[in-house]
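Participant: The residues making up each chain are set out below.
Protein chains: 2
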Amino acid sequence: MSTKPAEIAELAVERAGGRPRDRILSVARDLFYRHGIRAVGFEAIAEAAGTNKMTLYRHFPSKDELVAECLRQFATKADALWDHIETAHPDDPRAQLAAWVAAMGEHLANADERGCAMCNAAVELPDKSHPARRVIEAFKTAQRDRLARLCAAAGASRADLLADELFLLLEGARVSVQSMGPEGPAAGFVRTAEATISDHLPRVG
Amino acid sequence: MSTKPAEIAELAVERAGGRPRDRILSVARDLFYRHGIRAVGFEAIAEAAGTNKMTLYRHFPSKDELVAECLRQFATKADALWDHIETAHPDDPRAQLAAWVAAMGEHLANADERGCAMCNAAVELPDKSHPARRVIEAFKTAQRDRLARLCAAAGASRADLLADELFLLLEGARVSVQSMGPEGPAAGFVRTAEATISDHLPRVG
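Protein sequences appear in the order of chains A and B.
Quick note on numbering: the first sequence equals residues 1 to 205 in the numbering used here.
Quick note on numbering: the second sequence equals residues 1 to 205 in the numbering used here.
Derived from the structure by calculation, the hints contain no laboratory data.
Quick caveat, the model's predicted, so the values are computed rather than measured.
Incorrect hints may appear among the rest.
Restraint-style ranges between C-beta atoms, simulated for each label pair [unchecked claim]: (1) A:Asp-160 with B:Ala-153: 49 to 57 Å; (2) B:Arg-58 with A:Ala-102: 47 to 55 Å; (3) A:Thr-141 with B:Arg-72: 19 to 27 Å; (4) A:Pro-131 with B:Ala-103: 29 to 37 Å; (5) A:Lys-128 with B:Ala-88: 48 to 56 Å.
All C-beta atoms in this analysis are idealised placements derived from N, C-alpha and C, irrespective of residue type, glycine included.
If we strip away everything but chain A, and leave its shape as in the complex, we get (with noise of 0.2 Å):
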């Protein structure tokens, strides 16, 4: 028997380096975050990763599974950032706080900036049962836990109030760049956010 086309491009994209599976995983998350979701299709990601649509579907049974699998992919990278900011400041949640909100900001500023990718799924995928929902609602609900849990750390008598502000401000930040830019209102970003932390934080000494 001889080889399949598809074996060859697999073994063109091993070359390349990386296993077929995580080569689509890592030209959908780009291509799906840059174009929009639904303005890419399989065809598009199966050449942009060098294999081919029968490749593509034995990994992925469908698009909506491996949008799913995108989104997982970018839930662990933000989960990622926030044990790099607890590791870079042990035991100092003022200090986390001030970092997450610098993270944040370089987002922003960060000239391919498209928002936020779990934000911007659900504005495509409002159908509550495509299996990228669920990734997006633990998400944000994760994130929005996260941050409320590291005010509380740091003094913040209401940090569940102080989280939900916080929230606000950057997704808000977040959706405005894509139609005002990073000069817009997201420009504040960074200033808005220490100020409400201050705000709500003990004084200090």
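With the hints as your guide, set chain B onto chain A.
Facilitator: Same frame as chain A, but now just chain B:
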């Protein structure tokens, strides 16, 4: 020459009330908002409007133009809300600001809320050359500037800062409803916006 099916459909629509162009726009606005712009094709719009693709193309040479016109109508509706607020509270910018916050709170609590149609369109249409982009960018800038003028009229010493903060809170609330529902952080929008306004305005009396 016999009456063409397209004309029969148009007559049916006219009998059902409204000119075909108005019906197409009304149906398209609704379908785009509920399902997303890319999720809805010309065929589905034509069918829902009781017409056909040929008639649709006669009114709108492309889907891009139809999308842009739908967004222009959303902008007109938003302007009408501002005018209504001004008329309801003449020469009382503080009351107008409070009424604006309350009106936005009502949007957020609406079970059909799918966020801001303009922001959602920006997520789905990242291509800067899309005719809808100019509509979105002009709309957002105008909304933010109108809010800043109102904040200044209400006596805010740093009206631009206050407007940007309210703007981010609202954008954040409208996008977060789509991933966390109206009971999530968006539920705190009215209270947070009121407190923010109160912090920025001089005490009355």
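Participant: Honestly, which of those hints from before does the structure not fit?
Facilitator: 1, 3 and 5
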